Amino acid sequence: MFGDLADLYQEVILEHSQRPRHGKRLACFDASAKGDNPMCGDRVQVFVKHAPDGAIADVGFEARGCAISVASADLMAEVVRGRSAAEVKEIAGKFRALARTGHSGNPDDEALEALQPLAGVHSYPSRVKCATLAWHALLAALQGRKEASSE
Amino acid sequence: MNVMRLPKEPAAKTIADARADFPILGEKVHGVPLIYLDSAASAQKPRAVIAAMVETMERQYANVHRGLHWMSERATDAYEAARVAVARLLNAREPEEIVFVRNSTEAINLVAHSYGRGVLEPGQALLISEMEHHSNIVPWQLLRDERGTGLRVVPVTDAGELDLSAYERLLAAGPVGLVSITHMSNVLGTVTPAERIIRLAHEAGAKVLLDGSQAIVHRPVDVQALDVDFYAFTGHKLYGPTGIGVLWARRELLERMPPFLGGGEMISEVTFERSRWAPVPHKFEAGTPAIVEAIGLGAAIRYLEEIGYPAITAHEAALTEHALARLASVEGLRVLGQAQDRGGVVSFAFERIHAHDVATLLDRSGIAVRAGHHCAEPLMRRFGLDSTARASFALYTTSGEIDALADALAKVREFFH
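Protein sequences appear in the order of chains A and B.
Letter 53 of the first sequence, counting from 1, is numbered 84 in our numbering, and no numbers are missing.
Letter 56 of the second sequence, counting from 1, is numbered 696 in our numbering, and no numbers are missing.
No lab work stands behind these hints, which were simulated from the structure alone.
These numbers come from a predicted model, not from an experiment.
Fair warning: there could be bad hints in the mix.
[To be verified] Ranges of calculated distance between the beta carbons of each label pair, as one might list FRET restraints:
no., chain 1, residue 1, chain 2, residue 2, range
1, B, Gly1040, A, Gln49, 46 to 54 Å
2, B, Pro762, A, Glu93, 40 to 48 Å
3, A, Gln49, B, Arg728, 26 to 34 Å
4, B, Arg757, A, Gln147, 21 to 29 Å
5, A, Lys120, B, Pro795, 42 to 50 Å
6, B, Arg1021, A, Arg52, 26 to 34 Å
7, A, Arg95, B, Gly1040, 32 to 40 Å
8, A, Gln147, B, Ala813, 32 to 40 Å
9, A, Glu93, B, Glu786, 32 to 40 Å
Cβ atoms here follow ideal geometry from the backbone N, Cα and C, with glycine treated the same way.
This is chain A alone, in the form it adopts within the complex:
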């Protein structure tokens, strides 16, 4: 009955939204920021733990939102682990393009491949912000801000 919605709600998305692996506040963290989407009420807080070399050791999050926003936050937490702030910024930019257009411009990129299940949101313009919310919060945390500025 919901036919083409399988593109949006792929198994991977449903799995990550229902049983997020990183959906918790980290016991100790170095940075944290909140993001909210006042239009729909989605809220996320991202926690970041750095490794001694400055790379990201761990990311956790607390989210109240739709399946897309929770799954996106969870996939993000997996993808950014072990990466530097500069790499995260680059991936975030490519992911934003993926969510808006369905293409990231670099299909061989390992990080982008993991985020590919979210490409379906580009057909649902009102849901693109759900997918990018956690990324905005993460970038804010890495820049030492407490809140993500909305797009």
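Fit chain B to the supplied structure of chain A, relying on the hints for placement.
Chain B in isolation, oriented as in the chain A frame:
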């Protein structure tokens, strides 16, 4: 023998016929027929409204109240006829008590500005309720922040009704100048006990504003019988166009209130030393008004009069009862509020499925519902939720559409499990 053929009296329009009057309801979305259950956000428009607006622009359009030529006189007559239609709808004493504004939000802001800053006495508090739309919260917060006016909030019970004993306590807790409360909740569908609210407020020396944005769509409203002081509603939820709303107030209140916006149309004389205001309601209608939209609203009211409120109220009561029964049988679905007196608005939530995901799935089945906080965040918090999905019914809604909603919701649950 010649039989004189008299033109037949047109039969009163029935609810069953009415659906065909709304062209948009024949549209398809995502390849399936549209099931529009978002009328509480904005209602669809009957041909009569669309035609009246087109007719105005094609045949008798000019600016109003500058009637030195034929076109302006016709446009002014049509604009003022719309005011008469609104006065009839509300059973106002006279059309001069009808102020045209953009929407309910502007009507409430007008009262907050002109009554709140111009008439309310220092020390008099404001009373609102926990189930208000943001448009009946924020204007009063602005007034509170500017003037230090007290702002008290009447709580809502678990059943989604106004807590009347708390209301009485809050009225007694110090002087209250104005009670501003919804006549029907846009989230819970609860119809508030307006007569009682008003009687108690008047006994306490307070005036009452009712936000009728939702109520007037579903119930007849008689401002004289209610004995209310201000009544606000918006045209686009009442099958009229956007950009036109109404503030009704007792003439003596309108006369005591200073203007809201200044400009043309609202003056009787202007010099650089001072200006004198036009008589009510024009004192509150600065600038060229929404002429075409007001005429469209007049047409919507005449359309409703053809069908009649008894038929609309009965139809929507049956739909609401049907919806509550069908939704109660959807596993895992929670329906908000069990008010005794309620109109055609039902909010619901699945424990583990977010309202936006619900709305996206329903949309692909052609079903349009609202999802989110419905501009009533404090009420959402009261019920421990961030968001709900909401189905709302209109005179053109069918019970088959409600069945389709319930069936689709059962499938939504399967999809996410």
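Per the hint of 26 to 34 Å, is the separation of the Cβ atoms of glutamine 49 (chain A) and arginine 728 (chain B) within bounds?
violated, 55 Å
Does the Cβ distance between glutamine 147 (chain A) and alanine 813 (chain B) fall inside 32 to 40 Å?
Given a distance of about 59 Å, which is not inside 32 to 40 Å, the answer is violated.
For the range 32 to 40 Å, tell me whether the beta carbons of arginine 95 (chain A) and glycine 1040 (chain B) fit it or not.
holds, 35 Å
Against the range 46 to 54 Å, how does the distance between the Cβ atoms of glycine 1040 (chain B) and glutamine 49 (chain A) compare: consistent or not?
Because 33 Å falls outside the window, the suggested range is violated.
Does the Cβ pair glutamate 93 (chain A), glutamate 786 (chain B) satisfy 32 to 40 Å?
Given about 37 Å between the Cβ atoms, the range holds.
Check the following: the C-beta atoms of proline 762 (chain B) and glutamate 93 (chain A) are separated by a distance inside 40 to 48 Å.
holds, 45 Å
Range hint 26 to 34 Å (beta carbons of arginine 1021 (chain B) and arginine 52 (chain A)) holds or violated
holds, 29 Å
Measuring from beta carbon to beta carbon, are arginine 757 (chain B) and glutamine 147 (chain A) in 21 to 29 Å?
violated, 57 Å
A range of 42 to 50 Å was offered for this pair. Does it hold for the Cβ distance of lysine 120 (chain A) and proline 795 (chain B)?
holds, 47 Å
The structure does not agree with the numbered hints 1, 3, 4, 8 stated previously, though it agrees with the rest.
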